[in-house]
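Engineer: So the sequence lines, in the order shown, correspond to chains A and B.
Read in this note's numbering, the first sequence has 102 at position 102, and its numbers run on one by one without any break.
Read in this note's numbering, the second sequence has 16 at position 16, and its numbers run on one by one without any break.
For the record, the hints were derived by calculation from the structure and aren't laboratory data.
Fair warning: there could be bad hints in the mix.
Unchecked claim - Computed, partial: chain A to chain B, Cβ under 10 Å:
no., residue
1, Y37
2, Y38
3, E86
4, R99
5, A142
6, A147
7, L155
8, F161
9, G167
10, P170
11, V181
12, F187
13, F199
Claimed, not checked - A short list of chain B residues far from chain A (calculated; beta carbon distances all over 12 Å):
no., residue
14, E8
15, L17
16, A18
17, D31
18, T47
19, N48
20, T67
21, P75
22, D88
23, P94
24, G105
25, G113
26, P120
27, G126
28, T132
29, S143
As the list claims (entries may be wrong) - Over the 10 Å line for every Cβ pair with chain A, so calculated as not near, a few chain B residues:
no., residue
30, G51
31, T64
32, S119
Think of the CB as a built atom: it goes at the ideal place given N, C-alpha and C, for glycine as much as any other residue.
Spelled out, the chains give:
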Amino acid sequence: MLSGLREVGRAVLFLGQAISRMRLNKNQVGETLRQIYYAGARSLVIIVTCGFFVGLVLTLQTYDTLTRFGAADAASTVLALSLFRELGPVLTAILFAGRAGTSITAEIGLMRATEQLDALDLMAIDPMERIVQPRLIAGLIAVPALAVIFNMMALLGGVFFAVFVMGNDPVSFWGNMQNSVEFGRDFLHGVGKSIGFGFLAAWLAVYFGWSAKATGEGVALATTQTVIATAISVLILDFVLSAFML
Amino acid sequence: MKSSNQIELTAGIFLALAIAALVFLALQATDRGVVSSGGYQISATFTNIGGLKPKASVSMGGVTIGTVERIELDPQTFEARVYMTISDAYSDLPEDTSASILTAGILGDQYVGLEPGGSPVPLQDGDQVLLTNSAMVLEQMISKYLLGGDSQE
Numbered sequence: 001m002l003s004g005l006r007e008v009g010r011a012v013l014f015l016g017q018a019i020s021r022m023r024l025n026k027n028q029v030g031e032t033l034r035q036i037y038y039a040g041a042r043s044l045v046i047i048v049t050c051g052f053f054v055g056l057v058l059t060l061q062t063y064d065t066l067t068r069f070g071a072a073d074a075a076s077t078v079l080a081l082s083l084f085r086e087l088g089p090v091l092t093a094i095l096f097a098g099r100a101g102t103s104i105t106a107e108i109g110l111m112r113a114t115e116q117l118d119a120l121d122l123m124a125i126d127p128m129e130r131i132v133q134p135r136l137i138a139g140l141i142a143v144p145a146l147a148v149i150f151n152m153m154a155l156l157g158g159v160f161f162a163v164f165v166m167g168n169d170p171v172s173f174w175g176n177m178q179n180s181v182e183f184g185r186d187f188l189h190g191v192g193k194s195i196g197f198g199f200l201a202a203w204l205a206v207y208f209g210w211s212a213k214a215t216g217e218g219v220a221l222a223t224t225q226t227v228i229a230t231a232i233s234v235l236i237l238d239f240v241l242s243a244f245m246l
Numbered sequence: 001m002k003s004s005n006q007i008e009l010t011a012g013i014f015l016a017l018a019i020a021a022l023v024f025l026a027l028q029a030t031d032r033g034v035v036s037s038g039g040y041q042i043s044a045t046f047t048n049i050g051g052l053k054p055k056a057s058v059s060m061g062g063v064t065i066g067t068v069e070r071i072e073l074d075p076q077t078f079e080a081r082v083y084m085t086i087s088d089a090y091s092d093l094p095e096d097t098s099a100s101i102l103t104a105g106i107l108g109d110q111y112v113g114l115e116p117g118g119s120p121v122p123l124q125d126g127d128q129v130l131l132t133n134s135a136m137v138l139e140q141m142i143s144k145y146l147l148g149g150d151s152q153e
């Protein structure tokens, strides 16, 4: 219990240090873009595939449930609302932790284990600025971007199922959704959430890599911790943010 | 290993893709904030609002033209006062418009239905709708029906 609290404290101190040592210069833009490529663009395959199938299964399930109440018309609304408000941001953050968070942790942990971070320090290059900052910013940008793409693919999956499998009219399917999904209250809140989750996922991934024990075992443990900690804290933060937003 | 240019290009394409998806979803999959973006406020008092809640829709002729903003009890008259925001696109509602609380379907949500009057003077921001019909409360209807023979109409 106490050691868990100390861990949280260390993570917060680490974040404070990382933010206070942020520098903006031209080199950083290229490095941040590179990190967006590694964390974001290379997660596209998993996000696109998972998104499409989540859309399929969600439509299948809501149709089956709603026809029992004679409310099959509402299926597209249920699909879009649950995607925009909950599933898109949350699932993306958890998939991101598994795909990109782990590799960030392992990369930084290995740098620690092979004393590359110390070497940077010796060369008077601040590793916080060179290593940590681009990854934090990349996560903050990549996760909302991935969440929007996830939503897009899931809607595509939903439309695919409703139109080609159930034989529904695409215009009424889409129109019902358009009428009842609010731009501010549903869509923007979801985007806001995923920015928060992106920050959290990137922070935890970098922190566990940074604080990994400088051994092979330590790096392996840190990678596992990243996934567990991100999944738990994203779901907790999800509840807190939802309670504030609704 | 890809060259650094290619990596940055892919990152750029990825971000462009995300922005395109964002714009598409924002414009095509939502109501574009039509009703909630702007509008003017009117109010109406009801003796009983039944199960009406804030964010319920306000409609005229079946078309949603606004939302219920907030509901409070008037401390003097003990009547419920409902504040509604009506979209600016419908700024010419006649002054003698009447409001009733209706239910969508048997088990559906309650909403405010507006019925246009014939006055040439339009409703202004902050005006009050004077003609109102309260919500039908099932228990009251049943007791009225059961005791109908005894009580005098």
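Engineer: Indicate, hint by hint, whether the structure satisfies it.
Structural biologist: Against the structure, the hints:
1. Hint on A/Y37 holds. Least Cβ distance to chain B is approximately 4 Å, under the 10 Å limit.
2. Below 10 Å, beta-carbon pairs count as interface contacts, and A/Y38 has one with chain B at about 8 Å; its hint therefore holds.
3. With 10 Å as the threshold, the beta carbon of A/E86 stays out of range of chain B, its nearest partner Cβ sitting at about 15 Å, so the hint is violated.
4. Evaluation of the A/R99 hint against chain B yields a violated restraint, the C-beta minimum of about 14 Å exceeding 10 Å.
5. Taking 10 Å as the C-beta contact cut-off toward chain B, the hint placing A/A142 at the interface holds, the least distance being around 8 Å.
6. Because the beta carbon of A/A147 sits about 9 Å from the nearest beta carbon in chain B, less than 10 Å, this interface hint is met.
7. Here the hint on A/L155 is kept, as its CB sits about 7 Å from the closest CB of chain B, short of 10 Å.
8. For A/F161, the suggested interface contact is broken, since its CB lies about 16 Å from the closest CB of chain B, more than 10 Å.
9. A cut of 10 Å between beta carbons decides the hint on A/G167: the least distance to chain B is about 22 Å, and the hint is violated.
10. With a cut of 10 Å, the hint placing A/P170 at the interface with chain B is violated, because the nearest CB-to-CB distance is about 13 Å.
11. The interface hint given for A/V181 is met, as the beta carbon of that residue sits about 5 Å from the closest beta carbon of chain B, less than 10 Å.
12. Proximity of A/F187 to chain B holds as hinted, the smallest CB-CB distance being about 5 Å (cut-off 10 Å).
13. At a threshold of 10 Å, the smallest CB-CB gap from A/F199 to chain B is about 16 Å, leaving the interface hint violated.
14. Non-interface call for B/E8 relative to chain A: violated, since the shortest CB-CB distance, roughly 5 Å, does not exceed 12 Å.
15. Distance check for B/L17 against chain A: the nearest CB is about 7 Å away, which does not clear 12 Å, and the non-interface claim fails.
16. The beta carbon of B/A18 is not kept farther than 12 Å from every beta carbon of chain A, the shortest such distance being approximately 3 Å.
17. The beta carbon of B/D31 sits about 6 Å from the closest Cβ of chain A, which is not more than 12 Å, so the claim that it is off the interface is violated.
18. A cut-off of 12 Å between C-beta atoms confirms that B/T47 is not in contact with chain A; the least separation is 30 Å.
19. At roughly 27 Å from the closest C-beta of chain A, the C-beta of B/N48 stays outside 12 Å, upholding its exclusion from the interface.
20. Annotated as non-interface, B/T67 brings its C-beta within 12 Å of a C-beta of chain A; the closest such distance is 9 Å.
21. With a least CB separation of 28 Å from chain A, B/P75 remains clear of the 12 Å interface cut-off, as annotated.
22. Every Cβ of chain A is farther than 12 Å from the Cβ of B/D88; the closest lies at roughly 16 Å, confirming the non-interface assignment.
23. Its beta-carbon lying about 26 Å from the closest one in chain A, B/P94 satisfies the requirement of being farther than 12 Å from that chain.
24. Not every CB of chain A lies more than 12 Å from the CB of B/G105, the least distance being 10 Å, so the non-interface label is violated.
25. Non-interface call for B/G113 relative to chain A: holds, since the shortest CB-CB distance, roughly 17 Å, exceeds 12 Å.
26. Listed as a non-interface residue, B/P120 keeps its Cβ farther than 12 Å from every Cβ of chain A; the least gap is roughly 32 Å.
27. At roughly 23 Å from the closest C-beta of chain A, the C-beta of B/G126 stays outside 12 Å, upholding its exclusion from the interface.
28. With a least beta-carbon separation of about 27 Å from chain A, B/T132 lies farther than 12 Å from that chain, consistent with its non-interface assignment.
29. Every beta carbon of chain A lies more than 12 Å from that of B/S143, the smallest distance being close to 29 Å; the non-interface claim holds.
30. With 10 Å as the threshold on Cβ separation, the claim that B/G51 sits away from chain A holds: the shortest Cβ distance comes to roughly 19 Å.
31. At roughly 8 Å from the closest C-beta of chain A, the C-beta of B/T64 falls inside 10 Å, breaking its exclusion from the interface.
32. Distance check on B/S119: its Cβ is at least 30 Å (rounded) from any Cβ of chain A, clearing the 10 Å threshold; non-interface status holds.
In summary, the structure is inconsistent with hints 3, 4, 8, 9, 10, 13, 14, 15, 16, 17, 20, 24 and 31 from the numbered list given earlier, while agreeing with the others.
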